[in-house]
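Just so it is clear: in the sequence shown, position 125 is 105 by the numbering used here, and no numbers are missing.
Any given hint might turn out to be false.
Distance ranges between label pairs, derived from CB positions [stated by the list, open to error]:
(1) ARG(-8) to ASP146: 17 to 25 Å
(2) LEU53 to THR(-13): 44 to 52 Å
(3) LEU113 to ARG187: 15 to 23 Å
(4) ARG68 to LYS227: 23 to 31 Å
(5) LYS227 to LYS(-7): 24 to 32 Å
(6) PRO56 to SER169: 52 to 60 Å
(7) GLU103 to THR(-13): 38 to 46 Å
(8) ALA143 to PRO56: 48 to 56 Å
(9) ARG187 to ASP232: 49 to 57 Å
Each computed PhoX-like pair below joins lysine-lysine, with the alpha-carbon atoms no more than 25 Å apart [to be verified]:
(10) LYS207 to LYS220
(11) LYS14 to LYS42
(12) LYS207 to LYS194
(13) LYS1 to LYS212
(14) LYS42 to LYS182
(15) LYS1 to LYS153
(16) LYS142 to LYS1
(17) LYS14 to LYS212
(18) LYS218 to LYS37
(19) LYS42 to LYS240
(20) LYS42 to LYS(-3)
(21) LYS14 to LYS213
(22) LYS182 to LYS(-9)
(23) LYS182 to LYS37
(24) LYS14 to LYS217
(25) LYS142 to LYS42
(26) LYS105 to LYS207
It should be emphasised that the hints constitute simulated quantities derived from the structure, not laboratory data.
The structure presented is a predicted model; accordingly, all values stated were derived computationally and were not measured.
Glycine residues also receive a C-beta, built at the ideal position from the N, C-alpha and C atoms.
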Amino acid sequence: MSAIVPTERLKRKDYEKQLEKLQVELCHLQEWVKAKNLKVIVIFEGRDAAGKGGSIKALTEKVSPRVFRVCALPAPSDRQKSQLFLQRYIEQFPAGGEIVIFDRSWYNRAGVEYVMGFCSPAEHKRFLELCPLVEKFAVDAGIILIKLWLEVGMEEQEQRFKARIDDPLRQWKLSPMDTESFNRWYDYSRARDMMFNATDTKHAPWRLVRSDDKRRARLNIIWHILKTIPYKKIARKKIKLAKRSNKGRYNDQAGLRRMKFVETRY
């Protein structure tokens, strides 16, 4: 059953108010994950321009990168191409007290690699067969696995691509691979459907997020993560700054006069 999507876009003021509340809860979750030595993986998948990057930024901007670690692997090296396909992803799996966020993941094989012909049909079929087994192994080992698919509409994706073309601050987001994916909308849709059919399992289910409204999508994603990982607020001892010692006091600014500072332009 598809989620009911509000027709009106969320206003920035309302978004920022709700985001701040959720980010406070993420800080509480962070302390719980560290205290309980939990291991968490959050996978972000979806079409190009679906809003993965902005959602990950909203999720991680107020927490420690030592706990919330973002993994966005580049194209594999020649050595990595000779390894087991999942090997370089498994190397990034969390230790105790870590949440690893995959900005695209091993599901590249079910999406871009399959659609663009970077893997053979046999390799694609083999991946879909083995992926649920590997994920079951990870979950049985104590990893909390959250798989998110951001579903953007055809018209909204086109608008976002056009905005990237004209904006020098976002042109870097648009690659030849992105424009090719734009041309192959239905090929990606079929690949998505095959992926869901094979890998939407009881132990590692997919959760879809309507992402035409980026702000609503970000809030819903954070809320879902908070709901999926049971946590409690951990009381922290109040920190007091000790009185600064004057032992060894000297003019510590005098020695800087011979140094060159960055020019004050602003």
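Okay, the hints, checked on the actual structure:
The hinted range of 17 to 25 Å is satisfied by ARG(-8) and ASP146, whose Cβ atoms lie roughly 21 Å apart. Taken as a hint, the range 44 to 52 Å is violated for the pair LEU53 and THR(-13), whose Cβ atoms sit roughly 37 Å apart. A C-beta distance of roughly 21 Å is found between LEU113 and ARG187, which places it inside the suggested range of 15 to 23 Å. With their beta carbons about 51 Å apart, ARG68 and LYS227 fall outside the hinted range of 23 to 31 Å.
The hint said 24 to 32 Å for the Cβ distance between LYS227 and LYS(-7), and at roughly 50 Å that hint is violated. Remark: the range hint 52 to 60 Å for PRO56 to SER169 is contradicted by a beta-carbon distance near 26 Å. Roughly 42 Å separates the CB atoms of GLU103 and THR(-13), a value that falls within the hinted 38 to 46 Å. Restraint check, ALA143 to PRO56: a C-beta distance of roughly 31 Å breaks the suggested window 48 to 56 Å.
A C-beta distance of roughly 54 Å is found between ARG187 and ASP232, which places it inside the suggested range of 49 to 57 Å. Restraint check for LYS207 and LYS220: the C-alpha separation of about 33 Å exceeds 25 Å, so the hint is violated. Distance check on the hinted pair: LYS14 and LYS42 sit about 16 Å apart at the alpha-carbon level, within 25 Å; holds. With a C-alpha separation of about 20 Å, the suggested pair LYS207 and LYS194 falls inside the 25 Å cut-off, and the hint holds.
The hinted pair formed by LYS1 and LYS212 meets the criterion: a straight-line CA distance of about 15 Å does not exceed 25 Å. Taking the CA atoms of LYS42 and LYS182, the gap is about 32 Å. The hint is violated against a cut of 25 Å. Restraint check: the Cα-Cα separation between LYS1 and LYS153 comes to about 29 Å, which exceeds 25 Å; the hinted pair is violated. Under the criterion of a C-alpha separation no larger than 25 Å, the hint pairing LYS142 with LYS1 is inconsistent with the structure, at around 33 Å.
Only pairs whose Cα atoms come within 25 Å are accepted, and LYS14 paired with LYS212 is accepted, the gap being roughly 12 Å. For the hint pairing LYS218 with LYS37, the CA-to-CA distance comes to about 29 Å; that exceeds 25 Å, so the pair is violated. Distance check on the hinted pair: LYS42 and LYS240 sit about 33 Å apart at the alpha-carbon level, beyond 25 Å; violated. Between LYS42 and LYS(-3), the direct Cα distance comes to roughly 14 Å. Compliance with the 25 Å bound is thereby established for this hinted pair.
Distance check on the hinted pair: LYS14 and LYS213 sit about 12 Å apart at the alpha-carbon level, within 25 Å; holds. With a C-alpha separation of about 36 Å, the suggested pairing of LYS182 with LYS(-9) is violated against the 25 Å cut-off. The suggested pairing of LYS182 with LYS37 is violated, with an alpha-carbon distance near 29 Å, which exceeds 25 Å. Using a Cα cut-off of 25 Å, the hinted pair LYS14 and LYS217 holds, with the two alpha carbons roughly 16 Å apart.
This hinted pair does not check out: LYS142 and LYS42 have alpha carbons roughly 30 Å apart, beyond 25 Å. Distance check on the hinted pair: LYS105 and LYS207 sit about 33 Å apart at the alpha-carbon level, beyond 25 Å; violated.
The structure does not agree with the numbered hints 2, 4, 5, 6, 8, 10, 14, 15, 16, 18, 19, 22, 23, 25 and 26 stated previously, though it agrees with the rest.
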